[in-house]
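Protein sequences appear in the order of chains A and B. For the first sequence, our numbering begins at -2 and goes up steadily by one. For the second sequence, our numbering begins at 2 and goes up steadily by one.
Incorrect hints may appear among the rest.
Unchecked claim - Computed from the model, here is a short list of chain B residues facing chain A with C-beta under 8 Å:
| hint | residue |
| --- | --- |
| 1 | Phe180 |
| 2 | Tyr529 |
| 3 | Gln591 |
As the list claims (entries may be wrong) - The list that follows gives simulated cross-link-like pairs (lysine to aspartate or glutamate, EDC-like), each with its CA atoms no further than 20 Å apart:
| hint | chain 1 | residue 1 | chain 2 | residue 2 |
| --- | --- | --- | --- | --- |
| 4 | A | Lys117 | B | Glu407 |
| 5 | B | Lys110 | A | Glu243 |
| 6 | B | Lys206 | A | Glu490 |
| 7 | B | Lys364 | B | Glu311 |
| 8 | A | Lys440 | B | Asp215 |
| 9 | A | Lys134 | B | Asp215 |
| 10 | B | Lys101 | A | Asp205 |
| 11 | B | Lys65 | B | Asp363 |
None of these hints come from the bench; they were simulated from the model. In this text the structure is predicted, and so the values were computed from the model without any measurement. From the three backbone atoms N, C-alpha and C, an ideal C-beta is built for every residue, glycine too.
Chain residues, written in single-letter form:
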Amino acid sequence: MKKVKKEKDKKDKVKFGTVMSDAWYAVKMIMKVSPMCFILMLFESVISQVLTFFTSTYVLRYVINSFESGLDFKTVALAVLAMLAIPMLASAIIGPIQTMFNVLMFNKLERKMKILLVEKTSSMELSCYENPEFYDKYVLASRDIPYKLWDMTWYLTNLISTIVGMILYGTLLFTMDPLFIIFAIIPLFSTFFKRKGNELWHKHSNEDTIQHRRAQYTQRIFYSADYAKEMRLTNAKEFMLERYDEASDGRMDIVRRYGFKEMLIDVTTSSLTEVISNPLAIIFAVFRTFVSKAIGIGDCAVVINSVNSLTSTFINITNRYYSIHGQALFFEDFKTFMAYEPKMKDKENALTPERGIIRLENVSFKYDGSDELVLKNVNISLGKNEKIALVGHNGAGKSTLIKLLLRLYDPTEGSVTINGIDARDCKAREYRSMFSVVFQDFKTLALPVFENVLMRPRMEGDEERVIDALKKSGVYDRIMELPNGIETMLTKEFDEDGAVLSVGESQKLAIAHAFLKNAPYVILDEPSSALDPIAESEMYSNMMKMGENKGMIFISHRLSSAVSADKIYMLENGEVIEWGTHKELMAKNGKYADMFRKQAQNYIDLEEGENE
Amino acid sequence: MSKKKPEKVKISQAIRNTSFILKIAFKASPGLCIMRLLMGIITGLNHGVNIYFISEILNAVDLKLPVGQIFAIIGAMAAYNLAYILFYNWHWKIYNPRYKLDFIRRLHKRFFVKAWEIDLACYDTPEFYNDFIYSMQNSDKSITGTLDHISDLLRCFVASISVLAIMLDVNYIIALAIFGFAILNMVIGIIENGIYYKYDIMLNKIYRKEWYIDRFFSLSDYAKEIRITDISSNMMDEYHKNKDEERKYHVKRNIRITLINIVRTILQIAENVFIILFMAYHLMVTEDILIGGFAIALMSANKLRGMIWEIQYRITQMSKNSLYADKVRRFLETKSEMVSGDKILDTFESLEFRNVCFAYKDKNVLENVSFKINKGERVAFVGYNGAGKTTTTKLIMRLYDVTSGEILINGINIKEYDLESLRDKMGAVFQDYKVFAATVAENVLADKYTPDREQTVLNALRDSTFGEKLDTLEKGINTELTREFYDDGTELSGGESQKIAIARVFAHNNELIIMDEPSSALDPIAEYNLNVGIDKNARDKTVVFITHRLSTTRHVDRIYMFEYGRITEQGSHDHLIIQNGNYAKMFNLQADKYKVKG
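So here's chain A without its partners, still in its complex pose (with noise of 0.2 Å):
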């Protein structure tokens, strides 16, 4: 069976206790960056139901029930304005100043998030990005925390104005009739049939997901530039189109088995209120008025005329409580993501490591979730000025390896250790700062050369230093030619100016970095992209001349690059299966001689090889 993904339901069970919680955690969070802001926007929610009450309900029967009672007209344009004063007054005050104060607050709040969450995203280990599920649902969904906070309170003070607006017109009813409130009552079955139909609808978008996830990939695949050789060169076309019509059939079969159903529940549920409970209201009161004769006339006409306003505000508060119950689930989420302890945290008398050997020992690894051992007991030394390689298939574990070694994950089982002292036992960040890395993925950042290189905050002196570390990476030249030398900035990401550099010009950024750094150790992610012979030889010897006087471990796609090295691992499947320098292993005629024989022997020609 293929397991086809689907959004896991857990909308209809988060509780009405959890509900209330979260709402009351975003007020606090709220409150936190400005207790006025919350007062002001529930003030401000409440002075407007009220005033909706006043104006639209409370005047009109009041002046209906003068004008039956025979009051002058002097008396009632009085005590309307009276009545419309403060209400009027208050909102014209509060609603200008919210305006004012809510950007400003907003402000504020956007940054103490962003504070917080990166505080936490940094501290996290790099597996939690690894895993999708867990990215997703917290990482991606928590930089939208600001906006849902902001969202929930706005819900919370909403739910409380329309209970206002509930006593308000609840009161009113009950001192016309008591019996006015079955009336209000009826239309709260409506609810029960909303619920209904949003399960319904639930299952319905469920169901359509897939069908169209499938419609959506064919669109990317005939917009995107990254097909479109593929797409004139094969017949994939028809292909793509067929499986588009396959998608929208499956689409129309889920409309047309749920259309008849969802139109039912929707039917039911305004018919409840527009066709069932609001003229049975006007009926009760043309009867109370007429024929019992025991309310007035403007009685009578504030249930005709409001009859919609008295109903949905009942129907309102359910709905808001939806809306609060909507974000529940995402501030569960949040709040487990902020409540998230790194596993890989400094221990209390966390050790500041220095200089030596470094040692893997019978390291084994695995990642989350998964059984299978990336590393199976490996051992490797580096000394304080030695170089290594490592060397072996794609997915061998070598850049696992590399992880490891910087400690962006802990070991399954055995240990790194660093001069004798276990890496666990070092303070993680001053144990990272021993090393420069050079990533085969290292992008320039949209800030300016000066910093891409510098990669920590400005210092005085800093500038000769980045000067320096250019020049050495055989990328001075270049940047001084760009518009504003090391002050230019990178990419085109929101300066149009910005320079974009070749993948070859961003690699010697990031050597210069390294240099720049001077950390007693270098790692070397060798880039695999596809440089020219002569850009690759060019990067080669400037990695080459970084590493003077450091442990140096290079991760070489090209066993040429191996040759010179002081030792060379060789991985398979996750093992070290053979280890040694060049001389050593080539005479084992092992794997690695084998591979190396492999890609040289179109290099070499059998009597060269003789020869030499």
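The hints should help you fit chain B onto chain A, whose structure is shown.
For chain B alone, coordinates are given in the frame of chain A:
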């Protein structure tokens, strides 16, 4: 996308674009469009009808009509509501979803084919890609959106007119007053929109920066750097600077907005007070209106105010939408410059470039390139990055047309051939090979899989050295690739994907094969095995390699060295080594490191 400024929309242009969209929509499904517009009118009228019923019931109460008669009006209202609810929900739950799906399908297929037809060159133009393709991705939203906006505009207009008409019937002064206030509100709204618009332009850059910083902290791309270096502090500094800037603009903007809000609130209070007092006066003193009129006046004013606001909103949205519409229009009007000929290419015999030049955006990529490749030959294109090798292969496949010079296949200009028959004879593995979210077999065939093609697929996979991996796949060639649709879909590594792409070429039995860096993602052993596979599979075929690994070039018939868009050296490996030019230099650079005793 990455536009510097939101474009200002001219009204005439907006109307032209909108009518263009309507035409497309109408062509795709007239039924859907008519219903949608009708729906706008009906929902608009509904506002008026509801107010009318309430005013009638209230008047009947005021006139103290017989209870039975009042009940009859109430009954009529209930019946009307039921009918309306039935119609409304029938439209939204049954009619519209079906027709809309069908509508979108037709639009999409039309656009897909159009996108497929346009020249590849268009994709390489960033403006084209950013603007056009982006708008295509949103074309269905922008087209149904336009339809929605028009329908909603109709609704607002009809509702406003019906509400005004009812009020006119009650008392013309109050109708005029309500109308006047609504117009004032509209003016305020326009001013407000103008302010937002002005500041949006200024804030755009700030938002973009924030978005970038946001990605920096949350994407895994930068996670390692964040942990190893101190770069987060720099980014946080940038963040706060950006936020300060944002606050500055927000405060400036909101001072203006606040002033407008004050005016608006005062206006609204004045309106409400005026309506209540004026109507109360007429009810109580001049006694020329009934309580129905009195009650619905406020309601009508509120409704009208709401409608005016919505009309403004819709119009702004529509003019924004029309920007997309404009792009959609320009896209649909893009003519493919590549005209297919009518000669059918039966078998490939030879390929010749004669003084081919190719310029891309006024930059010469190829200058005076000439060469000839015969059936069965293997040639290699080598050279620096950006020397024009890949472009040459694209010209061979007629993904681009030459700027000057000519390309001959079997001695006949490439432009005279039927494009499909031409490309049918060619297979290519690109540097940026792609795997589709489909089964292994479908990926290899780039088509539907039928069991009778099993052997073709298996052979192709074996020769592309995918065999070993295939054995580990439980469902063999029916394994779903990528996790696009299935949680248990198989994700291939770069090297494995590349093998699939190579198998695709093998399976198609093409006569001319182009391999652009076929081994870049492969480790040495896999590279070696692949070369053996190519040898075996492509024995009687013509193969063009592009490679940086000069070891691959040893055994080809001819090597072409590209430098700055020209061919500077050509000949066999031995020949070029003797010549001792740049090729020899490059080769020796690579080979030197292997020249170790062992």
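How the hints compare with the structure:
1. Phe180: 20 Å, violated
2. Tyr529: OK, holds: tyrosine 529 of chain B within 8 Å of chain A, min 4 Å.
3. Gln591: Where the cut-off is 8 Å and the nearest Cβ of chain A is about 5 Å from glutamine 591 of chain B, the hint holds.
4. A:Lys117 to B:Glu407: 61 Å, violated
5. B:Lys110 to A:Glu243: 13 Å, holds
6. B:Lys206 to A:Glu490: This hinted pair holds, its Cα atoms lying about 10 Å apart.
7. B:Lys364 to B:Glu311: Given pair lysine 364 of chain B, glutamate 311 of chain B is violated - Cα atoms ~50 Å apart, limit 20 Å.
8. A:Lys440 to B:Asp215: 16 Å, holds
9. A:Lys134 to B:Asp215: Satisfied, since the Cα-Cα distance of roughly 16 Å is no more than 20 Å.
10. B:Lys101 to A:Asp205: 15 Å, holds
11. B:Lys65 to B:Asp363: Between lysine 65 of chain B and aspartate 363 of chain B the Cα gap is close to 86 Å, so the pair fails against 20 Å, i.e. violated.
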